[in-house]
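Colleague: Same order as they appear, the protein sequences are chains A and B.
Residue numbers in the first sequence follow my numbering, run continuously in steps of one, and reach 249 at the last position.
Residue numbers in the second sequence follow my numbering, run continuously in steps of one, and reach 1621 at the last position.
Honestly, the hints are just simulated from the structure, not real lab data.
There may be inaccurate statements among the hints.
[Stated by the list, open to error] Distance ranges between label pairs, derived from CB positions:
(1) Arg88(A) / Gly1607(B): 50 to 60 angstroms
(2) Arg88(A) / Pro1603(B): 29 to 39 angstroms
(3) Glu223(A) / Asp1610(B): 55 to 65 angstroms
(4) Gly226(A) / Asp1300(B): 47 to 57 angstroms
(5) Ala230(A) / Pro1542(B): 44 to 54 angstroms
(6) Gly76(A) / Gly1199(B): 48 to 58 angstroms
(7) Arg1363(B) / Ala230(A): 26 to 36 angstroms
(8) Asp133(A) / Lys1146(B): 29 to 39 angstroms
(9) Asp153(A) / Glu1289(B): 53 to 63 angstroms
[Claimed, not checked] Some chain B residues flagged as far from chain A (calculated, every beta-carbon gap over 10 angstroms):
(10) Ala1062
(11) Leu1157
(12) Gln1219
(13) Leu1602
(14) Pro1603
(15) Val1605
(16) Ala1606
(17) Leu1608
(18) Leu1609
(19) Ala1612
(20) Pro1615
Every residue gets a Cβ at the ideal spot worked out from N, C-alpha and C, and that includes glycine.
Okay, here's what each chain looks like letter by letter:
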Amino acid sequence: MTQGAALADAESAALLFTAEMYGLQLDQLAELLSGTPRQAKATVARWTGDGLADSGVLSQGPPWVWLTRRGLQACGLPYAASSPALGRLGHIRAVAAARLALQSVPGYRNGSAHWRSERRLRARIGSQRAARDHLPDAEVHWPDVPASGVSPDWAGECWAIEVELTPKTVTRTIAIMRELLARTGDYGCPAAEARVTGLPPRHLRAIYLCSPAATGTVLRAREALGSLSARIEVRALPPSAYLPARTPA
Amino acid sequence: MTARLALRGLAIVAVALVAIGLLPVTLVAAVAVGVAWHSGWQPARLYRAAAWSLPMLAVWLAATAITRHSLAPASPQQAWLALSRGRYLAAAVLIAPIAVPAGLLAGGLAWSFRLASMTAQAAGRSPAAAVSFDDRQWRHQVRAAKALIAAPGAVPLLTARGDFAAGAVIRTAGHPAGRLTVLPASRLRSHQIVIGGTGTGKSTLLLRLWAAYLATGLQRHAARLAGPPLIVVLDCKGGGDARRIADRARRILYETGARNVAIWPDEASLSLWTLPPRQLISTLVDLIEHGTGGAAYYTDVMEAVVMLAVEAPPGPPASTAEFLTRLDSGWLSLAYAAGGYDEQLALARSAARQVPDIALRFRTLFRRLGPGLDGPGNLGDADAWYCILEGTAEVAVAEAQARALVDVLASFVAGPASAAGQPPRQVLLAVDEFSAVARRLPIWQLYERARSLGLSVQVSAQSWHGLAARQDDRYRLAATAEGGIWLLGTPHPDPVTALAGQRAALSTSRQLAGRLRWTRHGSSQLRDVPVADPNRVRALEPGQAAYIHHGGVTFTQVKRLVAGPAALATAPRDGQPAAPPEPALPDSAAPDTMRLATGDRLPDVAGLLDAAFGPAPGSPP
């Protein structure tokens, strides 16, 4: 493969990544492309020139980039085109940082893991029922037989990813944990199949990535789960997960 | 006599001449009466049909006025002309604008006259003709109602106005007659009673009522008129049947919009120990059955010891084990020995001899109750709780469980969430097979407190006598059921049908003229008859119900809600509870989930996560 073709491949993957994550800040795009901010800026300029993406300063720090309707069509994604919601910028950045951190680990790549974003889950459910089902921030699917041929011990599992920037109440967090761990059906399935006694759970684990402010609540909620707590993993969000204006508590 | 016969003959001839002269109207009226008889319709339906056909008449008159510059119609003559030339279709089209409304009106009047004369027992060959006519009409009405509920989409759970549709109307008395039995949604938020024996369709009706309560509750919550709905069902029968119904209820409630439906104690637990200390003391004392007279002394001692254990300086107990640990004279003396508790310390020492007996009773009680009340879990964790109490197998245990669950619910409803200014949750407490726990569950007390708590109570029993042990309590329950009483097939409906009251009806006697021959001479008088005919209730088929409310009754063919495919992998054996509950699972975690949680160890993913995000919080670096 030529260098140009590799670059085009990387940019296509970055375009899909941006679409799945609602939008990205320029520094995260640079990290995704393994390049400098200047190279990322040039990529964004190409995308905007082709009408595939739009960019703007939505928060403090680097500009944001998101896909236009044409860009989403080019990716074959049935999402409604819109700029990232201002109230969710912090959360969107944190989820993207979590994905980038996980993708950077060899074990993730060797396991051929698939990141199924909240935007994709929401699109499957539709707007009407989205308000009733709690959606994880992402699902990570581990295929039984990865492309590398070497299956990790957890091959075949599906994980729910939860990014917690601000603490909820312990009761609410417990309820969400139970809902995630008890679910048996895919998102968008008939309601009667969502939690069916006798079927194996959809999410064998829930991975909680927390800000320092939310860690205590999540740990207390996990303790209250009793034996189910073995299926909850808690880790800190990477330092790059926060908007520049935000100071981790 | 001869003159009277002659007059009657003349009248018949006159009517026949008019009928022939207005043949199209007569034909339409005859068809209308025939259809009304066949379908068991009321005359009002024919009048409505006549009214709906008036626009056709108006258009026809307007067209006549425009084309002929006159309001005098020519089409009757033209219709006769067409008829004489054998052009039947043209004749029908020409006369229809006049004949249809007039025929429907005439048919309605004739049908009304027929019904009134049969109701007054003044028509028919014999006095018994009225009875057979009424029975026949009932069968026709049932057939029409069954046909209506069989039509897909004809009976929605909620109407466009948000009212509850229970099914198709068979017959009404004192209630408006419509095609569907429609209740305002507010009626569901009032207390209701359901009475019906085994196999009468009681569960089908209850499931529909619960689904409607949830659906209307979600609508109100979405409109910010109230908090989210919560349904707590106490199935006091237990056994395999209860679990099958629980599974059906879960599937129906999921499809109605519930997110979590918890099955207690099989899959979820609640905590008795979250009750406020004062309430906890009262509940714990009431869980133990105690007598009166001399036994009252022991009750007082028990209450004092329980109070010492619950209000001890370390705070209220958080679990059964902790509470039982405290029922020890040494523990109590030590807990209150810190100073400032002289009175309690003296009490603990004076009750020291009774404490081991009290501890033994509570240990036995909690062993029989099982872990379902030992938490963790909160009623707020689910949209609906289906609580299975083994009332058939172990009455005493079911009574204690019911008492504890109702106290937990009352505490939840009046709890801090409600006091914090949030809209209160809409709560329905449905107690099925109430007779199994009626002896020790003071449901009527809850009835009286319920309105201020925003709680609706629905009690169902197999019979009138199953509602409560004493007649006074039964009538007290029935009198406060503002939401109405649903009566299904039951052998002793008279006390309930009497609540619907009586209405005046004509009764006519006929003179016997010979063997099985009656003249048309006699007399009529007004007499009171029950609004809800108890014999009709006794003969109700499965799926039929009489809804009694506000001095009226509506006989209904209840529409069954169809749930998704069965969710239970294995059915428990009859009469035996399922496997012991896994604590801390208020929603429907699967058995495989339990296995994963308790048995098999999941592969360790710490290495991967550590590489991506660093070590877990609190773990050594």
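Colleague: Each hint: holds or not?
Modeller: Here is how each hint holds up against the structure:
no.: 1; hint: Arg88(A) / Gly1607(B): 50 to 60 angstroms; result: 32 angstroms, violated
no.: 2; hint: Arg88(A) / Pro1603(B): 29 to 39 angstroms; result: 33 angstroms, holds
no.: 3; hint: Glu223(A) / Asp1610(B): 55 to 65 angstroms; result: 21 angstroms, violated
no.: 4; hint: Gly226(A) / Asp1300(B): 47 to 57 angstroms; result: 38 angstroms, violated
no.: 5; hint: Ala230(A) / Pro1542(B): 44 to 54 angstroms; result: 48 angstroms, holds
no.: 6; hint: Gly76(A) / Gly1199(B): 48 to 58 angstroms; result: 56 angstroms, holds
no.: 7; hint: Arg1363(B) / Ala230(A): 26 to 36 angstroms; result: 31 angstroms, holds
no.: 8; hint: Asp133(A) / Lys1146(B): 29 to 39 angstroms; result: 37 angstroms, holds
no.: 9; hint: Asp153(A) / Glu1289(B): 53 to 63 angstroms; result: 54 angstroms, holds
no.: 10; hint: Ala1062; result: 47 angstroms, holds
no.: 11; hint: Leu1157; result: 15 angstroms, holds
no.: 12; hint: Gln1219; result: 13 angstroms, holds
no.: 13; hint: Leu1602; result: 6 angstroms, violated
no.: 14; hint: Pro1603; result: 3 angstroms, violated
no.: 15; hint: Val1605; result: 6 angstroms, violated
no.: 16; hint: Ala1606; result: 8 angstroms, violated
no.: 17; hint: Leu1608; result: 4 angstroms, violated
no.: 18; hint: Leu1609; result: 5 angstroms, violated
no.: 19; hint: Ala1612; result: 5 angstroms, violated
no.: 20; hint: Pro1615; result: 8 angstroms, violated
When the structure is compared with the earlier hints, violations turn up for hints 1, 3, 4, 13, 14, 15, 16, 17, 18, 19, 20 and for no others.
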